[in-house]
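J.: Sequence:
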Amino acid sequence: MTKFKLNNKVVFSNKDVPNNLVMTVKRGNYKNAGMEMVTIELPGGLGHAFASELRVATALEVEKGIRE
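Take 1249 as the starting number for the sequence shown in the working numbering and just add one per residue.
I should point out that these hints are in silico values taken from the structure, not numbers from a laboratory.
Every residue, glycine too, gets a C-beta built ideally from N, C-alpha and C.
There's no promise every hint is true.
Using C-beta positions, here's what the derived DEER-type ranges look like [to be verified]:
# : residue 1 : residue 2 : range
1 : K1251     : T1306     : 11 to 21 Å
2 : A1281     : E1316     : 12 to 22 Å
3 : G1295     : K1263     : 17 to 27 Å
4 : K1312     : A1281     : 27 to 37 Å
5 : A1281     : S1261     : 18 to 28 Å
6 : K1312     : G1282     : 31 to 41 Å
Please model the entire structure based on the sequences and the hints provided.
T.: Printed below as a string of structure tokens:
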């Protein structure tokens, strides 16, 4: 599993997830009830996601702002 750090740009790895935005990590990996979580910045505020569902965004994705 990838270890995410503050200000990493990430996207959801699963193409079936409707959120295709490039998001900024606001809190790196941490455990909550035994699950690896990451705090991410969304347009409406902060959100939480499972670390296993995310991947680091490519340079092209960061430039466009959306997942390929």
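J.: Now, for every hint given, state plainly whether the structure supports it.
T.: Hint check:
{"no.": "1", "hint": "K1251 with T1306: 11 to 21 Å", "result": "holds, 18 Å"}
{"no.": "2", "hint": "A1281 with E1316: 12 to 22 Å", "result": "violated, 32 Å"}
{"no.": "3", "hint": "G1295 with K1263: 17 to 27 Å", "result": "holds, 19 Å"}
{"no.": "4", "hint": "K1312 with A1281: 27 to 37 Å", "result": "holds, 35 Å"}
{"no.": "5", "hint": "A1281 with S1261: 18 to 28 Å", "result": "holds, 22 Å"}
{"no.": "6", "hint": "K1312 with G1282: 31 to 41 Å", "result": "holds, 35 Å"}
The structure fails to meet hint 2 from the earlier list, while all remaining hints are met.
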